[in-house]
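In order, the protein sequences belong to chains A and B. Note that this note's numbering has the first sequence beginning at 5, numbered continuously upward. Note that this note's numbering has the second sequence beginning at 518, numbered continuously upward.
By construction, these hints were calculated from the structure, which means they are not laboratory data. Treat the hints with caution; some may be incorrect.
[To be verified] Derived DMTMM-like pairs (lysine to aspartate or glutamate); straight-line CA-CA distance at most 25 Å:
#1 B:Lys718 / B:Asp629
#2 B:Lys520 / A:Asp297
#3 B:Lys520 / A:Glu373
[To be verified] Among chain A residues calculated to face chain B with C-beta under 8 Å, some are:
#4 Ala61
#5 Val62
#6 Gly63
#7 Phe210
#8 Thr211
#9 Glu288
#10 Ala406
[What the hints assert, rightly or not] Chain B residues, not near chain A, derived (Cβ > 10 Å throughout):
#11 Leu532
#12 Ala535
#13 Asp557
#14 Gly613
#15 Gly669
#16 Val748
#17 Arg879
For each residue, glycine too, the CB sits at the ideal point set by N, CA and C.
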Amino acid sequence: MTKAGTTVAAAPAPVRAPRLPRRRGIELALIVLAVLLSVYGYCAVGLARTGSVPPGAVGYGAGLGVLALFAHLAVRIRAPYADPLPLPIGVLLNGLGLVLIYRLDLETPGDRAAPTQLVWSTLGIGLFIGVVLVLRDHRVLQRYAYVCVVAALVLLALPILFPAVNGARIWIRIAGFSIQPGEFAKVLLAVFFAAYLAANRSALAFTGRRLWRMQFPTGRVLGPIVTIWVVSVGVLVLERDLGTSLLFFGLFVVLLYVATGRTGWIAVGLLLAVVGAVAVGRLEPHVNGRIEDWLHPFATIQAGQGPNQLAQSLFAFAAGGVLGTGLGLGHSILIGFATKSDFILATAGEELGLAGLAAIVLLYALLVERGYRAGLALREPFGRLLAVGLASIVALQVFVIAGGVTGLIPLTGMAMPFLAQGGSSVVTNWAIVALLIRVSDSARSQYDGREAP
Amino acid sequence: MAKYIRHACAFCALLLAALLVNATRVQVVQSGQYAGSPADRRATIARYQQPRGDILVGGEPVTGSVDTGEQLRFERSYVDGPLYAPVTGFASQTYGTTYLEHAEDGVLAGTDPLLSALPLWKDVTRAPNRGGDVVTTLNRRAQEAAYRGLAGRKGAVAALDPATGRVLALVTSPSYDPAELSGNSEAVASAWSRLNSDPEKPMLNRAVRQTYPPGSTFKVVTAAAALDAGVVTDLDAHTDSPDPYRLPGTTTRLTNEGDGCVDASVRDAFEWSCNTVFAKLGVDVGVRDMAATAQAFGFNDPDLRIPFAAAPSTFDSRVDRAQLALSSIGQYNTRATPLQMAMVAAAVADGGQLRPPYLVERTTRHGGETVTGSAARPGRQVMRPSTAARLRELMAGVVEEGTGTRAAIPGAIVGGKTGTAQHGVGNSGVPYAWFLSWAQSVDAPEPQVAVAVVVEDASADRGEISGGGDAAPIAKEVMRAVLAG
């Protein structure tokens, strides 16, 4: 065991502390608040644009409200001790995303994305309810670790058979529906990493060769997981899905570090990341262009070709300032292609301002923090790693896409969890929240008075 | 393991904190720099998202706004566009703004901070100000009379109220419809290139931006200089003027169109427009006094604004005596805009006072509340009042029995001066016909209108071009319109 484990051993014999309060009422109240905020946003867009409350406001509010209520009921029945925060956060972000997409739909009368997004949100919440109802114990997933990894690799490889869309080969189109299978692979890979590392963490941490103060595990233990990781990242590079490959890389390093406690892994990880990034950045023209754009966002303007997407995005954020222009009153549609998906945050930044943007980032931070807290409260390694992995997926995803559109890091195509247009993404994120609810229910129902979740 | 979970959690917190720090950089620290980029269309979109304020003539708007429903939402429309084009200019989404649309753009577009009653509150709400209105000094009927009078011939008319400097009419011909340039479509681009390549130059504002040799109309200035300098004391005394007049220091002989100019009195010479008499008079006055008087009338002033800039009229002060002789009859390097010559007539009419001309009576908020008042500025004395009185006498004589009889209006005292300006290499071009005048109803204490008309008519026979024949009837109609109103 780790150092933390030794202090546990020295502690008095565990006495089951009284269970934590369930707090389902708070969850319900927060859900109502989230739905009301979304409906308010919907009305604000209509009032700003046409001077009247949009006709669908009641239906929209009722739809979102009923969905959220069903989700709440599922949690009440099957996960009564679950953390009361993740579900309302998901509802609020999803609702806000629908408002932003509806708002952008007004600028593109030929391309209405909000109704489709609402269908996908319904599917997502349906999946959430299904997971909460069917999955009684998250530890069951451990048994299916290898099923998960095979499914993940198949899903990742599938789009290679389909034509590229906008430079990235990450889509499959079936009967008019576009699906991004890589999105679902995130959760499956997180499950696999958590299961594998939980089973092999001692071997990873303590066996193998020692090389200049660094403990290297045996190839037998490290081999399979590195292989899978390299394959997934390799496939993603082939598909030019840089965001997701970055995400998998980060997820892997974080979980390895948490499982083994070896700082050396971070050093190796960072080294590999730098080498990989430099190599890809040099060799891949698609990536190279992104890096150039990041370093010189206004170069195309100086060259007389007009502002590129990143410059337009920066203009949008700058136009928002601290308080924003108000919902419906910005011009983020100038970004053009991908305004509703990769660049949805620019609309939030322009119309809700730094204040609104900070609120959104804090909502994500809260979701991540609740995931980590559930991980801390659990005592079995699989649940811990699963919670940490899921929370890290959200954090890394938010960082990569938000950092990209605000010019902090090079831009990589990725969906802002819940906010962005994209069915696969919404469904996946609801699955993540469902698993966090399940894990936190276990953590809080088994609360032993040590790590307050 | 708990310790490492905490570390990982701290790492995630760090990432999200970095996002917020960076967002603050973009949205607060560098937002001004980004928002100022000309590549950002937001400023343009904001500019056209609300109707532009209107330009008013006689209480009625001569402009309007059309809601196109496009990203640049409102386009400019014009009522009688060609008639008012030299005043309004155009307001184009593609080609910018000109004339009043340009000079008063802040008011019309709503960006002028004076438009908001509570500027600080406006900063908080970010609600744009409605565009304000610009009330012009134009007299609708005078404007229409001038435009009708020119009837598509090349030329221009400027009319002023001598007592105030208000511009009553400003017409250029041929004109164009500024509405053709309002939007941002293909049609606008083709209209732009068509108008710019048109040999008739319809977009040239001949009333304020084109200078012409003023010809004999400049004799008003020469006479004023001679009277003020004391070179002439008696209008009816014989002058010592040969015909033809040999330009000093040259063998060039200056002649007259008509007879009877030998030793003619200043009154006769003015009425029959004797070149020889006035050329010699200018030389007798001397370059210094001539230049000083011309300058007092507004020549050589590069800063004349009404509120848009007028092209500077010129009187060359670095000339020899032969050149001075020609300059004194409005030739050589002497050039004037119609507006400048209207100012000359107005100064004579107003007892020697020159009131700086202005075109904007006041600007108002949307709804009529005044933002800035009259642009009237104090006048300055350009000649002695007695000189002005004698010039009025001379000009009235021109209309009563001289070359300008076609400007006479029953029931009004009218003063005028004709001009036929030579131009081109060796005076080969078709001459410009000039007429400047003022008029006063018999029951009015002071003249109410001063007009300058120029007609450059390439189609007419050289012999038929004359200030009295072509330009005087137009001036008469403009003056009648003002006196009637």
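Evaluated hints:
1. For the hint pairing Lys718 (chain B) with Asp629 (chain B), the CA-to-CA distance comes to about 33 Å; that exceeds 25 Å, so the pair is violated.
2. Simply put, Lys520 (chain B) and Asp297 (chain A) have alpha-carbon atoms about 39 Å apart, too far for the 25 Å limit, and the pair is violated.
3. Between Lys520 (chain B) and Glu373 (chain A) the alpha-carbon distance is near 15 Å, which keeps this suggested pair within the 25 Å criterion.
4. Given hint, Ala61 (chain A) at the interface with chain B, is violated; its Cβ is 24 Å from that chain's nearest Cβ, farther than 8 Å.
5. Of the supplied interface hints, the one on Val62 (chain A) is violated, with its beta-carbon coming no nearer than about 28 Å to a beta-carbon of chain B, more than 8 Å.
6. Proximity of Gly63 (chain A) to chain B is violated relative to the hint, the smallest CB-CB distance being about 27 Å (cut-off 8 Å).
7. Checking Phe210 (chain A) against chain B: minimum C-beta separation of about 14 Å lies over 8 Å; hint violated.
8. With its C-beta approaching chain B no nearer than about 18 Å, Thr211 (chain A) sits outside the 8 Å limit, and its interface hint is violated.
9. The interface hint given for Glu288 (chain A) is violated, since its Cβ lies 24 Å from the closest Cβ of chain B, which is over the 8 Å cut-off.
10. Hint on Ala406 (chain A) holds. Least Cβ distance to chain B is approximately 5 Å, under the 8 Å limit.
11. A cut-off of 10 Å between C-beta atoms contradicts the statement that Leu532 (chain B) is not in contact with chain A; the least separation is 4 Å.
12. Annotated as non-interface, Ala535 (chain B) brings its C-beta within 10 Å of a C-beta of chain A; the closest such distance is 7 Å.
13. Taking the minimum C-beta to C-beta distance to chain A, about 4 Å, the non-interface status of Asp557 (chain B) is violated against the 10 Å cut.
14. The claim that Gly613 (chain B) is not at the interface with chain A holds, since no C-beta of that chain comes within 10 Å of its own (minimum 19 Å).
15. Listed as a non-interface residue, Gly669 (chain B) keeps its Cβ farther than 10 Å from every Cβ of chain A; the least gap is roughly 42 Å.
16. Val748 (chain B), annotated as away from the interface, keeps every beta carbon of chain A farther than 10 Å; the closest lies near 63 Å.
17. Residue placement check: Arg879 (chain B) keeps its beta carbon more than 10 Å from all beta carbons of chain A (closest about 32 Å).
When each numbered hint is compared with the structure, violations occur for hints 1, 2, 4, 5, 6, 7, 8, 9, 11, 12, 13.
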